[in-house]
Amino acid sequence: MSVVSYGFLVFFVLVCFVYYALPKNLQKLQWIVILAASLIFYASAGVFYLGIVTITAGIVYICSLFMQKNLDQQEQLLEGADRRSARKIKNEMKQKRKRMLTVALCAVIGILIVFKGSSFLIENINMLLWHMDHGIIPVWKLAAPLGISFYSFMMISYLMDLYHGKIHAQQNFLKYLTYVLYFPHITQGPIGRYESTGKELFVEHAFCYSVIKKGLYLMVWGYFKKLVIADRLSAFVTAVIGSAGNYEGYIFLIAGILYSIQIYCDFSGCMDIIRGASECLGITLKENFKRPYFSKTLPEFWRRWHISLGEFFRENVFYPVSTSQVFLKWNTAARKRFGNELGRNIASVMPILCVWVLTGVWHGANWNYIGWGIYHGILICLSTIFEQPLMAVNTRLKIPTEHILFKIFQMLRTFFLCVVGRLIFLGNGLSDSFHMISSMFKRTQTVYTVESFPLTVNEWCVVLICVIFLSGVSVVQEIMEKKQAEMTIRDWLDKQNVLLQMGVVLTGILVILCFGVYGQGAGAAFIYEQF
Amino acid sequence: MEEFLKLLKKIKPNVDFTKEQALVDDGLLESLDIISIISEVAEVYGVLIPSDEIIPDNFNSAEAMYELIEDFKEN
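Heads up: the sequence lines are chains A and B, in that order.
Just so it is clear: in the first sequence, position 486 is 486 by my numbering, and no numbers are missing.
Just so it is clear: in the second sequence, position 48 is 48 by my numbering, and no numbers are missing.
Wrong hints could be hidden among the right ones.
[Said to hold, decoys possible] Calculated lysine-lysine pairs in the DSBU-like style (CA-CA distance at most 30 Å, straight line): (1) A:Lys482 - A:Lys296; (2) A:Lys286 - A:Lys88; (3) A:Lys483 - B:Lys19; (4) A:Lys98 - A:Lys88; (5) A:Lys94 - A:Lys329; (6) A:Lys28 - A:Lys98; (7) A:Lys213 - A:Lys175; (8) A:Lys94 - B:Lys10; (9) A:Lys407 - A:Lys290; (10) A:Lys286 - B:Lys10; (11) B:Lys19 - A:Lys336; (12) A:Lys199 - A:Lys166; (13) B:Lys9 - A:Lys495; (14) B:Lys6 - A:Lys296; (15) A:Lys482 - B:Lys19; (16) B:Lys73 - A:Lys96; (17) A:Lys69 - A:Lys90; (18) A:Lys296 - B:Lys73; (19) A:Lys329 - B:Lys10; (20) A:Lys94 - A:Lys166; (21) B:Lys12 - A:Lys398; (22) A:Lys166 - A:Lys96; (23) A:Lys94 - B:Lys19; (24) A:Lys296 - B:Lys9; (25) A:Lys28 - B:Lys12; (26) A:Lys398 - B:Lys10; (27) A:Lys98 - A:Lys286; (28) B:Lys73 - A:Lys69.
Keep in mind that the hints were calculated from the coordinates and are not lab data.
Every value quoted in this text rests on a predicted model; they were computed, and no experiment measured them.
One chain only, chain A, in its complex shape (with noise of 0.2 Å):
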């Protein structure tokens, strides 16, 4: 069931009734309501994924009760315990919970590797076997489960925060299987924390009007990007990588800013209908876009685009690699040999390349997606790398660094650099990326016109009016935030009177609905469901 049908309005309205409609005795219960959605919203998508996530949810949770006897052993150690043998006994008890938490991963990332890596890895096996002319390994092509990796980071997540004693487990296997399965978040995220989606998701929630009145604006303003910006958006981009090969020159550029502007709609709208939706219910989730675009360098970019899975990644793989006694000697060798700044520099470049292939991967077994990785992690290093120098020389220049129209170039060239990322995303294989990339700047004899494509002229005005209004919210939104404002503009909408607030939110209505792409099989899936 996709958040943008009409059966995803009536099932979220008759939830939301549901849940709120609960007598004032029972509304401890509330979870239940969101259990039993959630069981029927992810069984729409298939009863055997439902089976696979319930198992793998189960393994997860048995193994983390044994994580939590641990902690709470390690509790009455540490009774009267000074500082130091404190420190002491949690390292040993964490060795013994390192053992559950092995048993548990290797569970949740075999699984996820057996759906979504099996057939690539056996196909380039067959590849090399082909070469040395043996015999051939039949590929099985697996469905993947529905979210099936957001919810199994979702999972590592929550056992690295149960290994680290950060957390509780959960005690009631239905709990847990309502925060792995909530319906707003395990499709596409964001990749939460136990810590703060699971306390609001056992708590009473009595209706409240303004909660609700600001997640439905969040929820249209998603419904705006998704409908009228991204899927008008994809029927041109389609087209144009569907058969690079009949296509040369400029145009690719065109498709690339184009597929950039597409999917941070199509992700990015996604967010914000499931944030709205959850809101609704009374459960905040973690915010996973900064207006991106704005970003100066593509280090920032990173931290503004799909912020929970840059975080994951940050704090399970980036740290624990970069101090891992090799990488400890490394850096210490590194500075020793070019100075702090620059040996530190150099010395992430191993740690940095490691979270943008396993990054890449995580999108999907393909070398389209291994190969974005290795692109972002290379220009991450040089980034990382030519920072300080290039600031020794803008200042030898008397750049002025700090004028906006400086920030407008470094906001451009970051955004372009994400353009032939996206090239390399996009294409059917990797030649087919080489071939767009390469072209992009070529003469072409081939005139093209708007009739060439499937988008109408009045189709593109309506593109451009809506991304000129999606910049220019943004940029107040910018604004907002540098100059530390308090509230958002939905905080702003919900002071005023009822005639505007109706106004704003009708008009957004309309607009999806007259120049919306929805109805039985129009539009595009998300972009990031496939993940």
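Position chain B relative to chain A; hints supplied.
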């Protein structure tokens, strides 16, 4: 502590480690600086700080970092 402050100053000369109490929260120390501090601590004191100790509370001030090192020295 004096020796440790010198170590920090060597890594991040522009930061006043004697006064700052929110090094991570205020963005004065970023992830690569923290890794450098951990590597320098491993080199100078022979103390390995595990990655799960990389939380803002442990790196927000020179005192917090020093306390962390002292704890791990004993183990």
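Okay, the hints, checked on the actual structure:
1. A:Lys482 - A:Lys296: Holds: A:Lys482 and A:Lys296 sit about 15 Å apart, inside 30 Å.
2. A:Lys286 - A:Lys88: 35 Å, violated
3. A:Lys483 - B:Lys19: Status holds; Cα separation ~26 Å.
4. A:Lys98 - A:Lys88: 16 Å, holds
5. A:Lys94 - A:Lys329: Holds: A:Lys94 and A:Lys329 sit about 25 Å apart, inside 30 Å.
6. A:Lys28 - A:Lys98: The given pair, whose Cα atoms are some 35 Å apart, is violated under the 30 Å limit.
7. A:Lys213 - A:Lys175: Holds - the C-alpha atoms of A:Lys175 and A:Lys213 are around 27 Å apart, at most 30 Å.
8. A:Lys94 - B:Lys10: Roughly 33 Å separates the two Cα atoms, so the pair is violated.
9. A:Lys407 - A:Lys290: Status holds; Cα separation ~17 Å.
10. A:Lys286 - B:Lys10: Roughly 37 Å separates the two Cα atoms, so the pair is violated.
11. B:Lys19 - A:Lys336: 27 Å, holds
12. A:Lys199 - A:Lys166: Between A:Lys199 and A:Lys166 the Cα gap is close to 13 Å, so the pair holds against 30 Å.
13. B:Lys9 - A:Lys495: 49 Å, violated
14. B:Lys6 - A:Lys296: This hinted pair is violated, its Cα atoms lying about 33 Å apart.
15. A:Lys482 - B:Lys19: It holds: about 26 Å lies between the C-alpha atoms, which stays within 30 Å.
16. B:Lys73 - A:Lys96: 21 Å, holds
17. A:Lys69 - A:Lys90: 14 Å, holds
18. A:Lys296 - B:Lys73: With a Cα-Cα distance of about 41 Å, the restraint between A:Lys296 and B:Lys73 is violated, given a limit of 30 Å.
19. A:Lys329 - B:Lys10: 17 Å, holds
20. A:Lys94 - A:Lys166: Within the cut-off at roughly 12 Å; holds.
21. B:Lys12 - A:Lys398: Holds: B:Lys12 and A:Lys398 sit about 25 Å apart, inside 30 Å.
22. A:Lys166 - A:Lys96: 16 Å, holds
23. A:Lys94 - B:Lys19: Status violated; Cα separation ~34 Å.
24. A:Lys296 - B:Lys9: Distance ~28 Å between A:Lys296 and B:Lys9 Cα, so the pair holds.
25. A:Lys28 - B:Lys12: With Cα atoms ~51 Å apart, A:Lys28 and B:Lys12 exceed 30 Å; violated.
26. A:Lys398 - B:Lys10: Status holds; Cα separation ~28 Å.
27. A:Lys98 - A:Lys286: Answer holds: A:Lys98 to A:Lys286 is near 28 Å, not above 30 Å.
28. B:Lys73 - A:Lys69: Holds: B:Lys73 and A:Lys69 sit about 28 Å apart, inside 30 Å.
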